[in-house]
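Fit chain R to the supplied structure of chain H, relying on the hints for placement.
There are 2 protein chains.
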Amino acid sequence: MRTEQLQTPALLVERAALQHNLQTMAAALPGPRLRPHVKAHKTTSLARLQYAIGHHGFTCATIREVEGLAAAGLGADLMLANEVLDARRLGVVVESGARVTLAVDSDITVDAAAAGGVREVVIDVNIGLPRCGCEPDDAGRLADYARTKGLEVRGVMGYEGHVMLVDEPAEKSRQTEECMTRLLKASADVGGDLVSAGGTGNYAINTWANEIQAGSYLLMDTTYGPQGLPFQQALTVLARVISVNKGGWRVADLGLKSLGMDHGNPHIPGGVVWFCSDEHTTFSAEEGHDFAVGDLVRAHPAHVDPTVALHERIYVVDGEEVMDVYDVDLRGW
Amino acid sequence: MRTEQLQTPALLVERAALQHNLQTMAAALPGPRLRPHVKAHKTTSLARLQYAIGHHGFTCATIREVEGLAAAGLGADLMLANEVLDARRLGVVVESGARVTLAVDSDITVDAAAAGGVREVVIDVNIGLPRCGCEPDDAGRLADYARTKGLEVRGVMGYEGHVMLVDEPAEKSRQTEECMTRLLKASADVGGDLVSAGGTGNYAINTWANEIQAGSYLLMDTTYGPQGLPFQQALTVLARVISVNKGGWRVADLGLKSLGMDHGNPHIPGGVVWFCSDEHTTFSAEEGHDFAVGDLVRAHPAHVDPTVALHERIYVVDGEEVMDVYDVDLRGW
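The listed protein sequences derive, respectively, from chains H and R.
Using our numbering, count along the first sequence one by one with no gaps and you end on 333.
Using our numbering, count along the second sequence one by one with no gaps and you end on 333.
Simulated from the structure, these hints should not be mistaken for lab results.
Predicted, not measured: the structure shown is a model, and the values here were computed from it.
There may be inaccurate statements among the hints.
A pair counts as met if it fits within one copy or between any two copies, since identical chains are not told apart.
Below, in silico cross-link-like pairs of lysine to aspartate or glutamate (DMTMM-like), each with a Cα-Cα straight-line distance of 25 Å or less [what the hints assert, rightly or not]: (1) K246 / D137; (2) K172 / E320; (3) K246 / D189; (4) K246 / E135; (5) K185 / D137; (6) K149 / D193; (7) K246 / D144; (8) K246 / D138.
Chain H with its partners taken away, still in its complex shape (with noise of 0.2 Å):
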């Protein structure tokens, strides 16, 4: 099948940049010193692909990519690294002989830990970002108290997203420091393995984590592109040029339901975007690019995760050519 069959829009992962992406991260941080964040693709086939160059632990951020996992055998070492009031369908999982490991940040949430049947814990640590995670002061007490509830205690997490987008390289190493710091002494207080933090913005200067949550390198977007990551932009949307009008404007079937829209427009190669809506894409042609009713053309997202969550598959390319087809099989909660 060549691309110019599918329905559009239609999400694309070119192989060749997919191959690259896998390589460079697994030679970066080989096998255990980086738990993929599989929110990122969504997706049981890509998650297997990163099983296969040597990364056997996942991180996630919803029980159904928990559940999706064990399911397909990818189970080894599962950590959601979010917080859930209610464990049970965990449970179930760790029952299913898959090892489950939770995040908790307050004393109601280990409480649902051990109540659902989860045996084993990360203590979430707050290091800078205002979202989840105790206070690293708080962090000892809080492994004790899970450890009264018979949980085992492998060690915390934290992450310091507000970094990831950090342009300066000297400013991103210091803002990384301040944070692991704090992760650090948590981890002294908490005693365990891990310590479980960063992302695809600091994977390469995080060394005080002794593993690495990143997700978005493996397909990339426009945000990340311009850190100078050695990375390639995998992912695009595949949409159709439906019309073309003399006010020097074209439209793309591709919009709202088919882009994350948090970070801003797509980028267009060879064009100018004007504005999204639910099912369009209103663009310009820079000087020396034109676009014709019918031509395809392949937008940049400018946030990966949720423009994946928007699609029901993601077709593995080489060129024109589709050579794979996988079901983003992990969405919904």
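Same frame as chain H, but now just chain R:
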């Protein structure tokens, strides 16, 4: 079942508000005066309610929506208000006995309609929004071309989307008239019965069109909310507070994968939203409000259409009681 038993995030529709919106619109634009746009809810069960109250024609944005409504027996008069370059799937729907009218705005899209087995078209006219639609001056010629291809031309459509959120009533009225003057000019050249246009933002004042393509009215969002329309906010995203930080912020388990973000952050009653991440929304409490871990919150999304497209199902509720569950079955393309 009660809302506290739902896995969060979950899409809720308040039954009384839904009924109010259905009835209010049906009173204003009874029967065929409204051609509800299903792109706003992508849910056959909601289309059934619109059908039952008298609106037997539907507007669609995707081939999938046309196929789904036809398969559900709601195919009496389906308009795909969008250009397509491969109409063969629509031809199959026509063969099955449903009535399908396809928007065309160029010779190429006319050719595609004829080649795909579509029998009826509507001339899509650009009336001011820089998106699809031929120039008004070209509409008559395009209709003639369609007739030479054996297509029945049912009339014209346009979408004055840029007028929907104009605040000042007189200005909105003036701009609507300006757009509709263009459409009526095209209508005179094209012939046929249909003059299809408008939306939730100007359904009450667009008296030039003989059918209105409103969709958002049924569920509503915070973008249309301040417009003083007689519709109630029926749609909310149910979430749980999963973390409370002494720094003053709370975290609820909804985010970029459960909210359309192109119109900005959701509103949490009693809260001030700081930012949304993939699976989280960080917010603080307004004076006089408190949020504890485990509390349920109902966020009002800023844009209904892309929010619904992220969910597998809609829970119809009466307060905290879950009365019904609808599949969001028309997602995808």
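Check your understanding: What label fits K246 with D137 when the C-alpha limit is 25 Å: within, between, both, or neither?
Key -> Between. Shortest inter-copy distance 12 Å satisfies the 25 Å Cα cut-off; intra-copy 64 Å does not.
Practice item. Could you place K246 and D189 in one of the four classes (within, between, both, neither) given a Cα distance threshold of 25 Å? Key: Cα proximity of K246 and D189: across copies only (20 Å, versus 67 Å in one copy).
Check your understanding: Between copies, within a copy, both or neither: which fits K172 and E320 at Cα up to 25 Å?
Key -> neither (38 Å within a copy, 46 Å between copies)
Review point. Are the CA atoms of K246 and D138 at most 25 Å apart within a copy, between copies, both, or neither?
Key: between (64 Å within a copy, 12 Å between copies)
Review point. When no copy is named, should K149 and D193 be tagged within, between, both, or neither for a Cα gap of at most 25 Å?
Key: within (19 Å within a copy, 72 Å between copies)
Point to revise | Intra- versus inter-subunit Cα pairing at 25 Å for K185 with D137 | key: within (8 Å within a copy, 72 Å between copies)
Point to revise | Homomeric proximity label, K246 with E135: Cα distance no greater than 25 Å | key: between (59 Å within a copy, 9 Å between copies)
Practice item. If the cutoff is 25 Å on CA atoms, where do K246 and D144 land: within, between, both or neither? Let me know, please. Key: between (69 Å within a copy, 20 Å between copies)
Checked against the numbered hints given earlier, the structure breaks only hint 2 and satisfies all the rest.
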